[in-house]
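> Those protein sequences? They're chains A and B, same order as listed. Under the numbering used here, the residue at position 287 of the first sequence is numbered 304, and the numbers go up by one with no gaps. Under the numbering used here, the residue at position 72 of the second sequence is numbered 135, and the numbers go up by one with no gaps.
It is possible that part of the hints are untrue.
Unchecked claim - A few chain A residues facing chain B, derived, Cβ under 10 Å:
1. Q70
2. L75
3. E78
4. R105
5. I106
6. I114
7. F115
8. E117
9. H220
10. E270
11. H272
12. A367
13. E368
14. P371
15. A380
16. G382
By construction, these hints were calculated from the structure, which means they are not laboratory data. By construction, the Cβ of each residue, glycine as well, lies at the ideal position given by its N, Cα and C atoms.
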Amino acid sequence: MTAPVISVDGLTIDYIVGAGRFRAVSDVSLEVPEGHVVGIVGETGCGKSTLAQAIPRLLPEPPATIGHGRILFGDMDLVRVPLWQMPRIRGTGISMIFQEPLNSLNPAYRVYDQVAEALQIRHLREAGHLTPDRREQPPFDYSRRPQPDAGEVLSKPIVPAGATARAARRARPPYPELREEVLDYLKLVRINDPETILDLYPHELSGGMRQRVMIAMALSEKPKLLIADEPTSALDVTIQAQVLTLMKELIEEVHTSILFISHDLGVIAETADELGVMYAGKLVEFGPVGDLFGSPRHPYTKALLRAAPTRYKSDGPLDSIAGSVPNLSRPPPGCRFHPRCPLARPVCKAEPPPPLLAPPGVAPGHRSACHFASEVPNLP
Amino acid sequence: MNPPGSTAWVGTQSRRAWQSVRTFWQVLRANPLTLAGFILVVLIGVTALLITVAPHLLTPYGSNSPTHAYAQPPSWAHPFGTDSGGLDIYSEVLYALPLDLGIAFAIAGVAVIAGGALGLIAGFWDQPNTAGGWTSVVILRITDIFLSFPSLILALAIAVSLGRGVWQLIVAVLLTWWPFYVRLVRGETLAVKHLPYVVASRAAGVTEGRIVLRHVLRNVLEPVVVYFTLDIGTVLVTLSTIGFVGLGVNYPVTPEWGSMMSTYQNAGLITAYPWTILGPGAAIFITVLAFSLLGDGLRDILDPRSRRVLAGTGAGGPTSASPAAPQEPSQQTVVEPGGTPTVVPTAGGSGGP
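For reference, chain B alone in the conformation it holds in the complex (with noise of 0.2 Å):
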């Protein structure tokens, strides 16, 4: 294909690059849920940085500015209505966007990085009595006292001793999410290491930091990812529920949609005006659901296996529609070396009796 020597490597590689995007769209295509999650997630992303950077665009509303309309139902002026005091829900649903997917996605960006980190140490060093092994026992013991507490009795409690206000929402939480990726991540750490293609790269010289990093990881991120998404969503149920019960940040000077679900409920709001409650609760199920229809899907884009069956399409290679049928003959003839096939069964045969 390549003469040696020519630089047609270049193609090669922006070919890869190509087929990777192509493979994922293939991929969105078989899975129409995941598609729609895809698309609900686009969506949200473009929808949080345009309220971000270009507000007016959306609404014609700031944030936390009253407008005359007072306890309007929804109409084309104001979609999802406005409160007694003359918020447009609507916009306050928009801007409270940006700060619940950034509040979402810090905690469970940390609580996969620390608790992944520490997971991956776990699972990969725990021989007993040895420096690892402590190592190991003293991270699973404190994810153990972690973990005991039930997780939204525990960042409520923390919530109410740090206090209201955002960054003490992202601790509280933080503190109570990080346990389950260790447990996760050393759980799958300990399934990938003992397999053989791990066992053969110590074989082939690679060192155990390379081990960790490069075989070890890559094989553990694909449940990883997929739970990360998921957890997004959950992250958000979360935040909203003790927005909810009151200890959240502060609406209506800070938009988040627990606490909007909240302070509304506290007014008594919910029979007489129901949509204040419709608007922000609307938002977290659209975006719970979106991670989540996501999350399903990923797992087949991330493993190369499942990946090239649903994209039907391989590397231009011997293509696997049935890829669990390595010994096919349609194979076999690749296989071939370049001189005569032996085909000679070998003399003897099995040795023990």
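Just chain A, same shape as in the assembly (with noise of 0.2 Å):
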């Protein structure tokens, strides 16, 4: 396995509203190996969306909080980053495509300014002007007392603000070079008649459209890590293979690590090759997909899989799986799964499941939260 272009840390995220406490991601761990898609997959509300804001640090804290754990990303670990520095980091270091395509692209622009703008981005940084550049220099520090380390970013070298500026200068390409880039991009997505697209604004592009100029805004700061979060999810099903298709053949080309948020587990299959599934906050099982699809370890896991749709089954109902997702302020004790649970005995009740554990035969890499991992194959 190659070194790991993130790896979260026993995170932990809490929700304060009002005075309740509702704790969204509790200790998950996760890598996302260099190269690999990693996919995440949960119900609504088992915290996935939460953990992948989290890693760029775009929930707003307050109402979250990040509890404890780390997110390490090179090596800088992004819970200790002070947020005015993350500017830095977004983008050309952590990009993230959203699940809504039809507002996220600013409607008052063209989609070449919106394309450019990101593109400005990554040139700026690749001419070394660290933005923020005027709050480069620490302010001066009367007691001496050591600054809190957060790894590279604070101990980056004093660039006086001008000589940003003109790397910045600099590093701005005229506008007939921009612009092919930026049409580049578009073509990369697989736009035809990037051309005429250029000169459009959002609300004349259709969803499937939207979503590709998202990720071409996206590849254009070549980011480490990628993290899409239900990028297909708004789409209607044939524009929502389109854009898989295109995806799949993207992370062919470009070889950037992907974090892959999803519900779906189609499309998950499709696209990852490593798949964390969360449930209640709690990652319950990891594993490389065709092992965790053909051997789950874990009973939500096998639940999950048997609730799916499938082209096969056309007799009856679907499978749905007993009980409803816990009121995650007041988690049930022990195992958070066990209420729902066909395995459920005392001690899952008393005692939380062990961490991750690989269970015996497994593939390596598979790992699974159960006191009961060894008897999920027997369910039904």
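Join the two chains into one complex using the hints; note that each chain is given alone, in its own frame.
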């Protein structure tokens, strides 16, 4: 396994709403190896979108608070990087595609302007223009106390503001070149007639088109990690298939690492290399997609797979999981899935399952958080 | 269309500019009332310019220079009549135009810039218990203090304490005017800043300052510009009201519509020589109406969505007579990738029970 682009370690995120405290993500650890596509699947409200937005620190804090845990990106712990430094990491480091293609493009600007803005961010970074430049120099430390060390970000050499501004001017390519580059990226995402699309406003594009433009924007920054938060959920099935095909082709072409969030097992099966299954804020199972689908080792994953409609099952209603998702402000004690679990025994209610462990008889890297993981294959 | 490395993009730029002019005209044509407002505003602007640089083109009389016709009803020589002192009302109304427009634009302009900036700051950095949050609280409480007085009464009170004069008038109205813009812009900013495209641009690595100035401000602009245009009329009415109660500028030394009406009304001329009041009254009415009509239509011109709908043309691409149908089949043909269009639905489906 190659070095991880990002590794999330024991991440816990709470939403504090009024007097209530909702643990949306609790103690999640996972890694995205370089060049891999890692999927996260789970029901609505299981914390997968919260996790996705927490990685580039896009969650509004408050109401969200990152309790503990680390998000290691390179040698930086993103949890400890001050928020005003994050723009330097977002975009060229970690970029994101959202689930609402209809609203993720600014309605007031033409496609060209929006893709060009993303492109220019990369050009500026590559020229050494470290935004936000004015705050490059840390304030004079009267106390001489050691500054908190968040890794590479804070220890960058101090660059005078004027120097970065000059570098930035040099980095800004003239309009025709930038335009050609924008066209290249629009062609990359298989947009026919990009010349016309350049001059259109977002509302004049279809949903699939908009999502392509979003993907072009994200890719134009050449991010080390691309987080796709349900990129196809808002599209109808045929366009969903097109966008997915496109994404699969792009994964081959641009070799970026992707964290792919979805509630759709079919979508995940087509794109991901590894898959994490989340339930009620916890990662309950993680493993290579084929192995996880073939021999799930967590009762929730098994139930989820059974509940998915297949083209072969045409008789009777679809299977469903009895019960409902627990209230995250008062999660059930012990294993969170035990009220709905066919394997539940007293121990499940009494103590939480061990952290992700490899049950016997599975592929390497396949781990499950269940007291009785080895009994899961016996379930119907 | 353009081979790489060619300079055909220059044509693209000018084509874009030409297109926006054409769209502007098409939107105007689609709304006859907006068109009327636009024409009136242009006429008023040209008149104000002419009366400033070449007044003799519009009237043979100078400002505050009595003719020898006293208290004449409207006639060809004196379209709005004359007052008992022999002043030609038509000329005085014209001479008042640049001042009234100037004051109105100064007040509304400073209010929109200052109030808008404060509103943008208060709306965008409103996280409680941060430096931005406290700034926002301070801005909003000061705004509330100003808003808690009836603005006209407050303006009158300030005008009384400052004395008569053009600058005093501007300051008095301005002090009561900016808080409305803080409220308006803050509200719009709060609505815009959580929209997905703001979060998306943040995810793309755009810095906060640039998000405010480029992404939020542009989308807040539409209602603000519309409100601003309508506001010009409201400022004019307020100015005239202050002038009318006798706290405005000193007519006839400085011609101003409100003060004109006030002077003639106080002199008891309204029944004997009603045209002395009808002239400036009509001027206020027409100017306010012109800006209101234009303001109503401006929203359509600024908003790319309604702009294209009204203009009925796109930028040469798949146009949207019905922009709310993003997945209509005709557009789908554009969407299809170069290869074979895949229509195989994904295996599986919804994972949630």
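> The structure should be examined with respect to each hint, and the outcome stated for every one.
To see whether the hints hold, each was checked on the structure:
Look at Q70/A: its Cβ gets to within about 8 Å of chain B, closer than 10 Å, so that hint holds up. Checking L75/A against chain B: minimum C-beta separation of about 6 Å stays under 10 Å; hint holds. With a least beta-carbon distance of about 9 Å to chain B, the hint placing E78/A at the interface is held under the 10 Å criterion. For the restraint placing R105/A at the interface with chain B, the shortest Cβ-Cβ distance is roughly 7 Å, inside the 10 Å limit, so the hint holds.
For I106/A, the suggested interface contact is upheld, since its CB lies about 8 Å from the closest CB of chain B, less than 10 Å. Hint status for I114/A: holds, given a least beta-carbon distance of 8 Å to chain B, under 10 Å. With a cut of 10 Å, the hint placing F115/A at the interface with chain B holds, because the nearest CB-to-CB distance is about 6 Å. Restraint check, E117/A versus chain B: the minimum CB separation of about 5 Å is within 10 Å; hint holds.
For H220/A, the interface hint holds, the least distance from its beta-carbon to any beta-carbon of chain B being 5 Å, beneath 10 Å. Contact between E270/A and chain B, as hinted, is not supported at the beta carbon level, the nearest pair being about 13 Å apart and thus beyond 10 Å. With 10 Å as the threshold, the beta carbon of H272/A stays out of range of chain B, its nearest partner Cβ sitting at about 20 Å, so the hint is violated. Interface restraint check for A367/A: the shortest CB-CB distance to chain B comes to about 26 Å, outside 10 Å, so the restraint is violated.
The interface hint given for E368/A is violated, since its Cβ lies 26 Å from the closest Cβ of chain B, which is over the 10 Å cut-off. Contact between P371/A and chain B, as hinted, is not supported at the beta carbon level, the nearest pair being about 25 Å apart and thus beyond 10 Å. Interface restraint check for A380/A: the shortest CB-CB distance to chain B comes to about 21 Å, outside 10 Å, so the restraint is violated. Because the smallest distance between the Cβ of G382/A and any Cβ of chain B comes to about 21 Å, over 10 Å, the interface hint for this residue is violated.
Against the hints set out earlier in the document, violations occur for numbers 10, 11, 12, 13, 14, 15, 16.
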